[in-house]
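Undergrad: Go ahead and model the full structure; you've got the sequences and the hints to work with.
Number of protein chains: 4
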Amino acid sequence: MSIRVLVWNENVHETTQEEIRAIYPDGIHGAIAQGLGELLGEQAEISTATLADPEHGLDEETLAATDVLLWWGHIAHDQVDDAVVERVQRHVQGGMGLIVLHSGHFSKIFIRLMGTTCSLSWRNDGEREIVWTSAPGHPIARGVDQPFVVEKQEMYGEHFDIPNPDDQVFISSFEGGEVFRSGVTFTRGRGRIFYFSPGDQEYPVYFHPQVRRVLANAVEWAAPSGERATPAVSNPARRDWLTTGGAP
Amino acid sequence: MSIRVLVWNENVHETTQEEIRAIYPDGIHGAIAQGLGELLGEQAEISTATLADPEHGLDEETLAATDVLLWWGHIAHDQVDDAVVERVQRHVQGGMGLIVLHSGHFSKIFIRLMGTTCSLSWRNDGEREIVWTSAPGHPIARGVDQPFVVEKQEMYGEHFDIPNPDDQVFISSFEGGEVFRSGVTFTRGRGRIFYFSPGDQEYPVYFHPQVRRVLANAVEWAAPSGERATPAVSNPARRDWLTTGGAP
Amino acid sequence: MSIRVLVWNENVHETTQEEIRAIYPDGIHGAIAQGLGELLGEQAEISTATLADPEHGLDEETLAATDVLLWWGHIAHDQVDDAVVERVQRHVQGGMGLIVLHSGHFSKIFIRLMGTTCSLSWRNDGEREIVWTSAPGHPIARGVDQPFVVEKQEMYGEHFDIPNPDDQVFISSFEGGEVFRSGVTFTRGRGRIFYFSPGDQEYPVYFHPQVRRVLANAVEWAAPSGERATPAVSNPARRDWLTTGGAP
Amino acid sequence: MSIRVLVWNENVHETTQEEIRAIYPDGIHGAIAQGLGELLGEQAEISTATLADPEHGLDEETLAATDVLLWWGHIAHDQVDDAVVERVQRHVQGGMGLIVLHSGHFSKIFIRLMGTTCSLSWRNDGEREIVWTSAPGHPIARGVDQPFVVEKQEMYGEHFDIPNPDDQVFISSFEGGEVFRSGVTFTRGRGRIFYFSPGDQEYPVYFHPQVRRVLANAVEWAAPSGERATPAVSNPARRDWLTTGGAP
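Protein chains in written order, with the working numbering: chain A, -19 to 228; chain B, -19 to 228; chain C, -19 to 228; chain D, -19 to 228.
Treat the hints as calculated values from the structure; they're not laboratory data. Check the hints yourself; a few may be wrong.
The following residues of chain B were derived to be distant from chain A, with all beta-carbon distances above 10 Å [claimed, not checked]:
hint : residue
1    : Thr(-5)
2    : Gly17
3    : Ala24
4    : Glu25
5    : Ser27
6    : Gly37
7    : Thr42
8    : Asp47
9    : Ile55
10   : Arg108
11   : Gly123
12   : Val129
13   : Phe187
14   : Thr223
One-sided and incomplete, this derived list gives chain A residues near chain B with beta-carbon spacing under 7 Å [to be verified]:
hint : residue
15   : Leu93
16   : Gly95
17   : Ser101
18   : Asp105
19   : Arg168
20   : Val213
A virtual CB, placed ideally from N, CA and C, is assigned to each residue, including glycine.
TA: In structure tokens:
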């Protein structure tokens, strides 16, 4: 059964800045979707949605039919409707996988799921990023070079204000000497979350074969393993388990 | 230097239900404050605040002068002002310790810090709760009996929808056979968080010597270890670290 | 591609005690292998090995051709050859999955991988065990009843001396009031490890459909996701990564 | 009550290589002990022991009277007696704090406590190491510059084969672009463990004020919080907890 993937992008830089459109003529979402398509083939059905779509393309029906959502946003985080953010959060809690990309660290959805400020140190100076694998047995690291190099990239550095991750998969260094936990996993409810920092609108990072490998692996990893169900309060009678064999 | 502790309680049951006031004549906050005072003595300066206070007693100045905040709420979660919740969250991220008690699992502040639904299974049937220590070397378990028994208590059971905790300190069983991760720790920003479930308005749990021991230990553990500072974005020049020796 | 599964059992109770053989006429390994076969079908190739086999059936070639090893031992832990234990450990570090069962908590291999005493509280009194899922989105919990009940079982209780697990999947309660972290995961090197306590030689637990479901799920989860390679020291020249694109 | 600290060093480089003795005239243990003494003052009683001492200075009585043990070893790991290693492990499990330094990643005691190979990438080329704090609220990071710089140091890089740490406190980058999880914490039994990589026999790293600050903080953090007791098997009768109020 194929994984239903939805690549979401605010798609503002690409539609308002010619120099960004030159890098991502099909939008960042287009570049990501293309990469996933090449690597996952029939394992995945890939769609895209953007901020400008009705309900940002994230209506109830669409999310219910999405196994893994990828999220790219940057300058329009505050234009994302709170009701949509709550809806996405609920679906993640119910089991939908979520992959948050680069500047998405400051998206409403990531901050809500983390409970921290998600702040970090940054500098846009076209620096070389070296991405090291710190969990070589993790499914997301399968077939990824140790290390791989992104020639030009915005620097993201520690302290990255996130909760202790479940797994620490990638750590990056930058030309200026900074380090960053660039690939980390979390669980919220039944949902698996992967944050991955390499990727920026000013550099063609989403065409990098190793970045594409990571994202394809992450899609497979984040897909829900069982049925979807948002955790909910229950009020069982004493020893209900004797007869029911257990409610969810 | 003594730890500045603030015990917060919505204080609604005690002021509106005579049978609850009979159990907690000084309010739940009063019972907790008394217990902490007896065990911590001069190590702590203990204050209380309630929902009815201006700004719920949680104004900026008060929080800035609080090392550890304890939180008890139940039927009035939605009456807590969102601006106050954001303020508390910011102080936790900056290093203030937070101890969330029992039905506080559904408080706005806990849900915001966890990013999950914080839902659980429950039944109010006056059941015996046995509290087992699963991390006997943890500072919060110091001097706590293995196990200790709460004769009558509301049942809280799994699945408890929280993120993976940093440390799993206590696990409870109930007469009806349920289990619950009753003592768990988290970090958000610089702040240490402890959730502890034993304690309810209908049972005199906050007079239990073992419960009091746990709360006193938790206050010591949650107190900030260094200076307070909410994590924030920085934008350093390349190799700033050469000359500054490092910004916070 | 099917998962190559090896079910290892010391097979001493079954060959020396008639009353145990009556419960497990094909040995505990036989019962487990049968259950996995029914649930995994062509997804798995299942073999068994026992203590009495040459090199306990765990020679280099066999381990190299094993994706997931299940381990049941009890009264003959000390008869397992140290050289074999080291070999198994090396293969786990290289990526082979390992599922340690019940009294295997005191096996040499589990103690070596954990670094703790792996001690616990126990009582063999035929008590009812209720197994609760604390991570309903985890692949190992897929399709498992919440809770499921094992009518008669040896009690295993806290404190269970293990390191903080990666994921806390199941927690059990027992008739006598004890609790136990009955399903927990760890990573060592590239290898995924799952410890699962329900199961004992005196009770037909390995015929329980829910226990079988858990073990089948665990086999799928523990199978290596990429190529096998034991982590090893490397001594790269400066900027080797410029030309090699990275060594493993 | 002061913390009883024991600084252990194999003390082989310093006694056999003049150029190392020039850097550490009082031995690495002497330099560390001096730094701890200056920062902790009356909070700590500091002793030292070396490989050449009877039982390596780690007899039962000494360990029983040690709250925190620091461990430096490199070329003589295999000369450490296995019986002593087992004894140290037992005391850690019982609550003694352990701080493992730099090349101690390959000590018998660290490998036994981790269960992994503890292998890493290395290069001795006198590179600048920048140490970044990834957990600014952690007690071990108190008062430590963000970042601090070690001008010349051996490079240690990922993949560092350790289990998922409890807390990820420091991450380093090196001139050559490598990264390393240079400060990580673990729990084994009741014992708290901190591994810290900055420090080498060829560079005067243990005189660095920031390194000394980290080690002093780590000593305070690793000291046992309650009574010492190695986790052990127990076999309680049913409902023993009714009358005993619980054994340890």
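Undergrad: Each hint: holds or not?
TA: Against the structure, the hints come out as follows:
1. Thr(-5): 26 Å, holds
2. Gly17: 31 Å, holds
3. Ala24: 27 Å, holds
4. Glu25: 28 Å, holds
5. Ser27: About 26 Å separates Ser27/B from the closest Cβ of chain A, which puts it past 10 Å; holds.
6. Gly37: 23 Å, holds
7. Thr42: 22 Å, holds
8. Asp47: 20 Å, holds
9. Ile55: 15 Å, holds
10. Arg108: 12 Å, holds
11. Gly123: 27 Å, holds
12. Val129: 18 Å, holds
13. Phe187: Holds, because the least Cβ-Cβ distance between Phe187/B and chain A comes to about 26 Å, which exceeds 10 Å.
14. Thr223: 13 Å, holds
15. Leu93: Holds: closest Cβ of chain B sits about 4 Å from Leu93/A, inside 7 Å.
16. Gly95: 4 Å, holds
17. Ser101: Ser101/A check passes; min Cβ-Cβ to chain B is 5 Å, inside 7 Å.
18. Asp105: Status holds, d = 6 Å.
19. Arg168: 5 Å, holds
20. Val213: 5 Å, holds
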